[in-house]
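> Given the sequences, and given the hints that come with them, work out the whole structure.
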Amino acid sequence: MASLGSFLLLASFVVCSYAAVVSVVGARRHARRLVESGIGAFYLVCALMTAASAVMINAFLTGDFSIQYVAHYSDSVQPLFYKITSYWGGLDGSIMFWVFLLSVFGSIAVYVNRERHRELIPYVVTTIATVQMFFLYLMVVHKNPFLTYLSGPRADGEGLNPLLQNFYMAIHPPSLYTGFVGMTIPFAFGIAALATGHLDDSWLRAVRRWTMFAWLFLSFGLFLGMIWAYEELGWGGYWAWDPVENAALLPWFTATAFLHSVMVQERRSMLRVWNVVLVIVTFFLTIFGTFLTRSGIVQSVHAFGSDPVLAWLFTGFMVVILVVSFGLVIWRLPLLRARNDLDSWMSREAAFLVNNWILLFSAFFVLFGTMFPTLSEAVTGNRLTVAGPFFNKWMTPIALVLLFLTGAGPLLAWRKSTLSNLVYQFMWPAIACLGTAAALAALGVRVWASGICFSLCALVAATIAQEFFRGANIRRRNTGTDIFTALVGLVGRNKRRYGGYIAHLGFVLILLGFGGMGFNKDTQVPLKAGEDVKIGRYTLRNTSVKVSDDGQKQMVTAYLAVFADGKQIDTLYPAKWFFRKHEQEPTTEVAIRRSLAEDLYVTLGGYEVGTQVANLEIHVNPLVNWVWMGFGILALGTGIALLPERVYAFAVARMPIEAAATTTALTLILAILFATPAFAQPGMSGDQNTRTSFYARTDLEKQLQHEIVCTCGACGHANIGECRKDACATSHEMRGELAALIDQGKGHDEIIQAFLAKYGSEEMLGAPIDKGFNRLAWLVPYLLGATGAAAIGFAAVKWTRKPDVQEENVAIDSALEERIDDELRDLD
Amino acid sequence: MTHRYIKIGATTAVLVAAFMGLMWSTLREGTEYYKHVDEVMTDQQAWQGKRLQLHGHVVTNSIMRKPNTLEYIFKVQNNGQVVNARYTGIVPDTFKDTPGSEAEVVLKGTLTSDGFHTEPNGVMAKCPSKYEKKS
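Residue numbers (the numbering used here), protein chains in the order written: chain A, 1 to 828; chain B, 1 to 135.
Some clues are possibly wrong.
To be verified - Below 20 Å or equal to it, Euclidean Cα-Cα: the simulated PhoX-like pairs (lysine-lysine) are:
| id | chain 1 | residue 1 | chain 2 | residue 2 |
| --- | --- | --- | --- | --- |
| 1 | B | LYS7 | B | LYS50 |
| 2 | A | LYS528 | B | LYS66 |
| 3 | A | LYS581 | B | LYS96 |
| 4 | A | LYS546 | A | LYS528 |
| 5 | A | LYS521 | A | LYS534 |
| 6 | A | LYS534 | A | LYS567 |
Rather than coming from a laboratory, the hints here were simulated on the basis of the structure.
Structural data, given as structure tokens:
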């Protein structure tokens with residue numbers, strides 16, 4: 001089996017090189033068949049890597065201890081789940097897993113975009129295949145995971161480190177790798193765009209969803225790492241500015257910057273060089289992070305052993321990436337010139353710009369801090385280290401400015417905000433911010449940095465609430481539904497924008513949790529049986545220290561009674577576990593009493609069973625759980641923004657039902673938000689649109705423009721022929737859809753039907769066509785809402801079938817609908 | 001155009017200067033020298049009072065603990081040079097002085113004339129690696 005695995009890796013390498021070369025040759029000679037052949041070879045790599053992974057997992061499952069890697073990272077008694085996760089538990093396997101993921105993602109990206117971005121694809125294939133070749137080369141010549149023992153198989157493996165036998169740790173690396181590897185796709189498209197000179201915004205559209213996807217997993221990976229550190233390592237915190245943690249954070253900063261600046265390019269055709277550079281830097285940092293973890297160049301708890309050969313290989317690869325990428329950028333600079341200038345600093349693009357600078361600065365600062373010990377040793381000969389406090393001192397103000405921008409950015413208009421606009425937009429958030437600040441000052445909360453952090457959290461939360469409330473209120477009045485249904489529709493109408501706001505809310509909660517760190521309390525104390533220790537509002541009493549054994553491990557457990565306000569409220573069991581074969585490295589089992597306000601966090605640092613003494617380390621960590629919740633909401637928001645258009649059209653088509661089902665969830669979110677009273681007024685901050693207007697060219701278009709009503713809400717149900725306020729992007733979009741349909745030669749009724757299918761309701765029709773049916777459709781959710789959750793679920797399933805009226809029409813026009821979706825995406 | 005470049009240049013210069021200044025001031029208090037015991041003990045005067053991360057090996061059977069407290073006194077050596085160290089708090093599991101498995105430690109703290117004062121949570125026992133077996 002091991003030789004099969006080695007062969008598969010070698011074959012992957014060969015096929016990969018073929019794909020890389022033949023694609024670029026095909027593209028240059030305009031030889032379609034060569035390009036097709038390259039794509040085929042590229043898919044084949046994916047198949048080969050899948051097979052190789054299957055061989056590896058099989059080796060772990062069957063306990064093939066003739067393979068060194070298997071013998072190192074598993075043993076026969078390990079639970080099945082951890083046998084599989086051992087695949088990426090060590091250096092060699094993690095590289096292989098990396099290539100596997102890259103081949104899968106690459107194939108999907110190429111498959112999805114093969115028609116739409118035909119001219120880019122050969123270069124995308126070449127770029128990804130080259131990256132794969134590098135990692136395959138590492139495995140083939142240097143770190144073959146299928147290496148066997150010359151002296152025959154071992155009787156049993158050494159077992160995965162017990163610290164890694166934790167659920168979060170099992171899924172943390174794949175999540176992080178997904179994020180890291182996913183960043184290769186935008187890079188490949190960026191390089192392809194540079195190489196071909198197709199530097200309009202189309203490559204951005206191809207990658208923005210990928211970037212979001214990769215970013216989501218990167219965030220999720222960071223979150224899992226944090227929660228693992230918190231629950232498993234037992235030092236009381238979750239982020240230590242360890243070099244390897246930093247390595248994962250660096251591309252996160254630049255990817256976040258990219259996700260924001262990409263909007264500026266879409267809207268205003270600015271920052272074009274900047275975006276390409278961000279994509280390149282993000283990819284570079286993922287490789288750099290991998291290099292940091294695997295070369296042993298920095299000292300860290302996470303680092304794999306030191307390996308100079310690997311370090312040199314990586315260094316060479318990174319130099320190649322930088323030279324090639326930036327060479328291409330410089331070559332293409334004339335094509336990348338911005339089409340617009342910054343009009344005013346009081347504009348949304350300026351806020352985005354500042355946000356980008358800060359994120360990029362953060363990345364370079366963290367990079368600097370991480371490399372500082374190595375650099376200082378190289379320059380002065382003295383190894384100077386920097387620790388957590390140094391990072392915290394710098395990152396605190398940076399995070400606060402970012403938080404402020406999170407609140408202020410969405411309130412600014414594109415191009416230029418007028419004074420009245422600013423007053424209208426900033427009034428409630430500013431009141432919320434200052435009110436919170438005053439309340440905190442009255443309570444005597446320290447100003448720097450927690451007080452400021454909490455006040456800014458209020459600012460951002462109020463901003464988001466205001467955006468949702470104003471948007472929903474307008475929609476509610478236009479559609480005549482309740483506010484929650486309107487809210488769902490609102491989010492559906494502009495998923496990226498409102499998904500983004502929800503992600504911002506997650507960010508606020510995370511920072512709220514960080515702000516809580518300012519009030520941490522901790523103590524270390526030896527406690528005899530019967531003795532008490534007081535911390536915060538808690539009193540802990542050592543009841544006893546006991547030893548037990550479950551066959552796999554020996555456990556020493558302290559029994560602690562927790563008292564608050566004179567009553568016993570809990571019992572905690574911090575423990576130390578001594579796994580077999582790892583007796584020298586016991587694991588610390590943390591006992592945590594969680595609540596929204598604070599965690600009581602106890603670890604057993606040492607013990608004497610004879611005298612029943614427990615040496616305890618006790619922390620009170622306020623607001624920690626908000627960090628975890630924040631990540632959840634961040635993921636939710638990103639997920640909403642990621643939903644494909646088709647899902648959205650589908651969801652809105654059955655919106656009445658959906659609304660009832662999601663109302664509960666939204667109520668929950670609203671409860672978390674500070675509900676800011678704000679009055680919906682027409683003329684909400686519309687998005688400026690710089691493209692040409694669609695004026696009616698034919699009589700039919702003119703007639704339809706007067707029959708279809710704008711859904712933007714700002715114009716009080718004007719028809720789309722009339723709603724031409726420069727702030728109204730919605731009517732513009734609808735006019736565009738209409739123009740597209742007219743261009744296809746559709747008749748009056750067909751177009752009405754297409755709009756019906758698209759918007760799922762008749763809200764945009766001047767006069768509803770089928771009153772009876774519609775009444776029913778809009779009434780159903782309320783009836784169902786009363787019959788309870790079970791009925792809702794049942795009905796939701798039933799309603800996933802589209803209403804009959806639309807069915808045939810949808811069937812006929814499914815190809816058309818796809819085209820409309822495409823074009824809408826272009827407009828969006 | 002030149003006017004614009006002057007503005008950009010001036011802004012950049014101010015930002016860079018401010019950044020360097022802040023960096024310099026925070027680095028001075030935020031950094032610690034990473035030294036082995038012998039490097040420090042051969043030139044004690046020069047290192048006294050500076051924040052250090054001291055790397056060495058715990059001397060066999062040197063760890064003493066005041067009963068019913070978390071106060072430790074122990075010796076750390078490297079290449080024949082020994083320093084007395086004190087620490088109060090919980091120690092890592094691998095902090096040991098039993099013959100054959102003396103811990104390799106990094107201590108955070110300052111050197112004074114009566115030995116090395118370790119900060120709270122300043123004892124880090126180096127373990128081979130969380131991921132890789134010692135090779």
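> Hint by hint, say whether it matches the structure.
Results of checking the hints against the structure:
no. : hint                : result
1   : B/LYS7 / B/LYS50    : violated, 42 Å
2   : A/LYS528 / B/LYS66  : holds, 15 Å
3   : A/LYS581 / B/LYS96  : holds, 18 Å
4   : A/LYS546 / A/LYS528 : holds, 13 Å
5   : A/LYS521 / A/LYS534 : holds, 11 Å
6   : A/LYS534 / A/LYS567 : holds, 14 Å
When each numbered hint is compared with the structure, a violation occurs for hint 1 only.
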